[in-house]
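Hey, can you piece these two chains together into the complex? The hints should help.
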Amino acid sequence: MQLDPVLQAIDIPQDGDGPVFEEPWQAQAFAMTVKLNEAGQFSWSEWADVFGAEISADTASGQGVGNTAYYLCWLSALEKIVAQKNLLTAEQLSTRKAEWREASEHTPHGQPIDIHKSRK
Amino acid sequence: MASNHKHDDPLPDTVLRVKSLESLLIEKGLVEAEALDALIDRYENKVGPKNGAKVVARAWVDAAFRERLLADTTSAVAEFGYTGAQGEELVAVENTDKIHNVVVCTLCSCYPWPVLGLPPVWYKSAPYRARVVREPRKVLEEFGTFLPDDMEVRVWDSTAETRYLVIPKRPEGTDGMDEEALARLVNRDSMIGTREADRPAMAEGA
Numbered sequence: 000m001q002l003d004p005v006l007q008a009i010d011i012p013q014d015g016d017g018p019v020f021e022e023p024w025q026a027q028a029f030a031m032t033v034k035l036n037e038a039g040q041f042s043w044s045e046w047a048d049v050f051g052a053e054i055s056a057d058t059a060s061g062q063g064v065g066n067t068a069y070y071l072c073w074l075s076a077l078e079k080i081v082a083q084k085n086l087l088t089a090e091q092l093s094t095r096k097a098e099w100r101e102a103s104e105h106t107p108h109g110q111p112i113d114i115h116k117s118r119k
Numbered sequence: 000m001a002s003n004h005k006h007d008d009p010l011p012d013t014v015l016r017v018k019s020l021e022s023l024l025i026e027k028g029l030v031e032a033e034a035l036d037a038l039i040d041r042y043e044n045k046v047g048p049k050n051g052a053k054v055v056a057r058a059w060v061d062a063a064f065r066e067r068l069l070a071d072t073t074s075a076v077a078e079f080g081y082t083g084a085q086g087e088e089l090v091a092v093e094n095t096d097k098i099h100n101v102v103v104c105t106l107c108s109c110y111p112w113p114v115l116g117l118p119p120v121w122y123k124s125a126p127y128r129a130r131v132v133r134e135p136r137k138v139l140e141e142f143g144t145f146l147p148d149d150m151e152v153r154v155w156d157s158t159a160e161t162r163y164l165v166i167p168k169r170p171e172g173t174d175g176m177d178e179e180a181l182a183r184l185v186n187r188d189s190m191i192g193t194r195e196a197d198r199p200a201m202a203e204g205a
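Protein chains in written order, with numbering that gives the first Met the number 0: chain A, 0 to 119; chain B, 0 to 205.
Bound conformation, chain B alone (with noise of 0.2 Å):
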């Protein structure tokens, strides 16, 4: 398990304000975080994971765009006009057949939203940020993820100044596919490291 980053840094003043009026709201009733996600959701789409996917897709194409995405991830991806706010690192981490990677925020909900989006409730959920460290492969289980016995997993933890991708492994029978089909197997939560990437028939059915 790697959790290279540390979580010192308050989080912004704005952000404060908009935790704290969202807390309270909830807490009061006046509000509902399921209303919430569920409007931000149909509202929320300049940014989402078919940004990421689409940075997926061409990493699993482009044997060179897979390199400078694996040593300069925030520049990779700026390639493609993502950008988010100034000193925030992305970092994207790749999935093997040995290497299984997941991404947490411990602390709150920080997440590469310049390339996913905002965040599923799920993401932002006290148990899911407790039991991702402590019990990963179970809580990957409960998402229908089962990993072999022998594939290492690894756990990211996003900070305010690094944010982790997840770039997922290439599902087979895929090899004629171009990359616009290939991006729509890259579903969000591959992206986090809950999921794998669908397969082409599931894709499909979807």
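Isolated chain A, as found in the complex (with noise of 0.2 Å):
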């Protein structure tokens, strides 16, 4: 599958059938960047930049350079976008991740998670 010409500009992981993700997640990470540049709350050059802080970090740290370390740096740098663009902020975001943690954990069996149910 063709990229769109904008996201040829950005190195994503992929072959010739087009982007490769190994999890969902990584499809998911993926889709909200590209969402949210089309929406215009960021710029791909704005983007690289802290994608590229990123990879660079993880290289310099001797990380891997699979797929998987691509991706974590992607899911690292779009959670810092989201904060310097003040879309969210780091707060909300681990306060949320502790409501999903608690939801997944306590969410007893046959009943739909709701993160809702435990935020009054």
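Worth double-checking, as some hints may not be accurate.
[Stated by the list, open to error] Straight-line C-alpha distance at most 16 Å; calculated EDC-like pairs for lysine to aspartate or glutamate:
#1 A:Lys79 / A:Glu90
#2 A:Lys34 / B:Glu33
#3 A:Lys34 / B:Glu31
In short, the hints are calculated from the structure, not lab data.
This is the structure we're talking about:
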């Protein structure tokens, strides 16, 4: 599959068929980033600065360069850029993560997970 | 109804981070859930339902493979080169004249992605997750799947460790068809259990 022209400029793992995702969360992180860019929340050059810094730090610390390491950098960059652009704060993210964790640990079998129940 | 697996293990940290971003961005109206899913559908083409369809078609034509698949699904599927993350067990459940299987993840959206790709929007929705356990026949009817009254319906609850793949019944009128043609009859929803495999005429029209 052909990438959109704007996406050809960003270097994502891909083969002849298009982007390669090893796990769903990688595709989800990728999709959120593309949609925020399309909505004008940040430009690809702004993204490249933040993402590039993550990759450099990762490489300097001797982390792997595989697909998973790549998308872990991607995810860290996405968390940083949404904070930089005042879309979400780091605190909101960590609170929400704790809620998801709490809900996933305590949701009884057969009940759909609902983090809103625990937020009064 | 069989729901044999507990859902006690927390989700991996990375998945929690992604879910947190996604749910907050959606709540704030910064991204739309449907738009994310549409984009993922478009780009996610390395693993997809066609992997599962090949597995099902092989099971339909090759009795020895079918036995291996039912006995040890993870290993049988690995014969095709489809493997997931470590610690994930895949379990194939076979539809018969007496039993219809349907899969859900009541907690979130655990899904056999090495064979089916990413889950559809409805699979992740709270109504499906809650209702398919309570009233599976009614939910299946909404998918256009009407089961005889004497058919037993088994609902399987996926977890981070155990994912289910439904082997739909081979449709009537497919006796002379080869594996490749059969695989085209195996739609994604039939491997989740909400629909049946396509009849040959339906696939030609599609």
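Outcome of the hint check:
| no. | hint | verdict |
| --- | --- | --- |
| 1 | A:Lys79 / A:Glu90 | holds, 12 Å |
| 2 | A:Lys34 / B:Glu33 | holds, 11 Å |
| 3 | A:Lys34 / B:Glu31 | holds, 9 Å |
Checked against the numbered hints given earlier, the structure satisfies every one of them.
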